[in-house]
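J.: Starting from the structure of chain X, add chain W where the hints point.
Take a look at the letters that make up each chain.
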Amino acid sequence: MSPVIEVRDLRKTYGSGDTAVHALRGLDLTVQKGEYIAIMGASGSGKSTLLNILGCLDVPSGGKYLLDGIDTGEFDEEQLSLLRNRKIGFVFQSFNLVPRTTALANVELPLVYAGVRRAQRRERALAALDLVGLADRTHHRPNELSGGQQQRVAIARALVTSPAIVLADEPTGNLDTDSSREVLGILDRLNASGRTVVLITHEDEVAAHAMRTVRVVDGRVAGVLV
Amino acid sequence: MRIFEIAAFAVRGLTANKMRSGLTTLGILIGVASVILLIAVGNGASSAVQQSIAGLGTNILTISPQRAQPGSTAKPLTTADAAALVGQDSPDVRYASPVVSAQATAGYGDTTHDIGQFVGSDPRYFDTTNSAVAQGNLFSDNDVQQARKVVVIGSTVATQLFPGIDPIGKSMLVNNIPFTVVGVLAAKGSSGLQDADDLAVAPLTTTQNALTGYGSLTQIVVQARSADALPDAQAQVTTILNGRHKIAGTADYRILSQDQLLTARTATTETFTVLLASVAAISLLVGGIGITNIMLVTVTERIREIGIRKAVGAPRSSILGQFLIEATLLSLFGGALGVAAGVIGSRFTIAGIQPVLVPSSVLLAFAVSALIGLFFGSYPASRAAKLRPIEALRHE
Numbered sequence: 001m002s003p004v005i006e007v008r009d010l011r012k013t014y015g016s017g018d019t020a021v022h023a024l025r026g027l028d029l030t031v032q033k034g035e036y037i038a039i040m041g042a043s044g045s046g047k048s049t050l051l052n053i054l055g056c057l058d059v060p061s062g063g064k065y066l067l068d069g070i071d072t073g074e075f076d077e078e079q080l081s082l083l084r085n086r087k088i089g090f091v092f093q094s095f096n097l098v099p100r101t102t103a104l105a106n107v108e109l110p111l112v113y114a115g116v117r118r119a120q121r122r123e124r125a126l127a128a129l130d131l132v133g134l135a136d137r138t139h140h141r142p143n144e145l146s147g148g149q150q151q152r153v154a155i156a157r158a159l160v161t162s163p164a165i166v167l168a169d170e171p172t173g174n175l176d177t178d179s180s181r182e183v184l185g186i187l188d189r190l191n192a193s194g195r196t197v198v199l200i201t202h203e204d205e206v207a208a209h210a211m212r213t214v215r216v217v218d219g220r221v222a223g224v225l226v
Numbered sequence: 001m002r003i004f005e006i007a008a009f010a011v012r013g014l015t016a017n018k019m020r021s022g023l024t025t026l027g028i029l030i031g032v033a034s035v036i037l038l039i040a041v042g043n044g045a046s047s048a049v050q051q052s053i054a055g056l057g058t059n060i061l062t063i064s065p066q067r068a069q070p071g072s073t074a075k076p077l078t079t080a081d082a083a084a085l086v087g088q089d090s091p092d093v094r095y096a097s098p099v100v101s102a103q104a105t106a107g108y109g110d111t112t113h114d115i116g117q118f119v120g121s122d123p124r125y126f127d128t129t130n131s132a133v134a135q136g137n138l139f140s141d142n143d144v145q146q147a148r149k150v151v152v153i154g155s156t157v158a159t160q161l162f163p164g165i166d167p168i169g170k171s172m173l174v175n176n177i178p179f180t181v182v183g184v185l186a187a188k189g190s191s192g193l194q195d196a197d198d199l200a201v202a203p204l205t206t207t208q209n210a211l212t213g214y215g216s217l218t219q220i221v222v223q224a225r226s227a228d229a230l231p232d233a234q235a236q237v238t239t240i241l242n243g244r245h246k247i248a249g250t251a252d253y254r255i256l257s258q259d260q261l262l263t264a265r266t267a268t269t270e271t272f273t274v275l276l277a278s279v280a281a282i283s284l285l286v287g288g289i290g291i292t293n294i295m296l297v298t299v300t301e302r303i304r305e306i307g308i309r310k311a312v313g314a315p316r317s318s319i320l321g322q323f324l325i326e327a328t329l330l331s332l333f334g335g336a337l338g339v340a341a342g343v344i345g346s347r348f349t350i351a352g353i354q355p356v357l358v359p360s361s362v363l364l365a366f367a368v369s370a371l372i373g374l375f376f377g378s379y380p381a382s383r384a385a386k387l388r389p390i391e392a393l394r395h396e
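Those sequence lines, one after another, are chains X and W.
For what it's worth, the numbering used here labels the leading residue of the first sequence as 1, then goes sequentially.
For what it's worth, the numbering used here labels the leading residue of the second sequence as 1, then goes sequentially.
You can trust all of the hints, since none of them are fake.
Short derived list, chain W residues pointing at chain X, Cβ under 8 Å:
hint: 1; residue: A16
hint: 2; residue: I308
hint: 3; residue: G313
hint: 4; residue: S318
hint: 5; residue: I390
Simulated from the structure, these hints should not be mistaken for laboratory data.
Using N, Cα and C, we set each Cβ at its ideal position, and we do this for glycine too.
Chain X on its own, in the form it takes in the complex (with noise of 0.2 Å):
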């Protein structure tokens, strides 16, 4: 079985000349399908510029980043949107819900870009808020929810077009001991039903969810731990 995200020499530099930062190093990773791996390093370790480059966000400086086999280097930011879209459900550490809708609205979002019908994408938005706990808050606006109720309409929203992985850089950062409880329970689940996470965090306790933990220093990968 080929894995979800092979990544070979992965190379990332900010700026140029002396004032060059080399956030990755040459950085190796595979992750298979179905697992669940945590990514842990101080910071500036270049954790999260590596999940910006899996999920798409940023393009790297060098060396090869295959999603599901196929190579996104070749991939103009037309298809790489597409990717985005299809391929990868990020959750971000501070939510990033867009501001004045609802939650049903924010998780039919990548719906709409994707070209789902109206009644369709309602119907799945409404399982995927469902999946998350958050059926009667469909209509709420994100200055109407809590930070933890937050997180979880973005799980929906990253799972509701379901993806091949589920990236989230530290998705209990801002969240108080319970709400991180159950968000970690729902990608518990998620991963249960045969979805690969892939998350960053500096919690040991978080990283215990992972089947394993991946350790980046200064740009590579330091050691794996199963």
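T.: Showing chain W alone in chain X's frame:
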């Protein structure tokens, strides 16, 4: 399927900030309305001028003295010249009225009024200028011969000097000389540039005695036998005047037919219209820059939202589309309201001018406002669409 959804996003974006959308719309509204209204006013002014000239009749020639050039011996137009124009040598001339005009201050009781035009002529003058009497009588040839101090006044003079009083038979002072009012003319309305009712007409002889003296006439108004006979009449008048004034080269007088008068006046009002239209065009442009400004602010303010949309897979085209539609809706809405305001505004009389709508100006202003949305919205929209998702998301 997509365009509809994207338009819905655009509408939501606009209604999210109603105050700002409203003010931007107002800018375009004012621009479009002023284009329509000012062109209508210019058009109204020129058609009023055309009507007042058309009122002169198609068989009229006006002869006016040319300003004397240095070194030349220009002769004034005289009453004798006017008399000589009617006779055997000019079979196509029916009549020639000598005209003098001056400015004068009239008084009645404690009231005074500066009369726009105090005209001295003969009774034919009323005929050639299409002036009808509303009250009282016109003066007669006999009044002219006897140099009687009688006067026929326009309706503006009547309302200014004799508010609520019947002016007929009253004695009004013109430059301290008493004139008896014998008639009031029917109102003609403003021609836009001057009030046609702010005048008084007295016998030529009286006016020369009392006001202007016996110098050059201001005009000789010639009436031809018919409109068809006008060219012949003009040739006969030219021959007679050239003979009397001993003209070899450049004439010391000028003959204008109603056509030529129309052309000259129309050129003036066209300049006026162009001037008004360009002022209006500038305000439309300013409205357009307002849209660009607002769209730039909107885009900057919503960069994170753009990042979120791109992160969940919005292609560049849909971001571009959303912001272009927002800008176009703003200007179309403003344009539609502007058309309404312009059309309604043109029903009122503005500065004494009844505006006349030019349908093409309505279309033009509306089309331009729509294009302004597309043109001025495209820069901020393409800036929004080009952002990398991660750059947009990191924007604070």
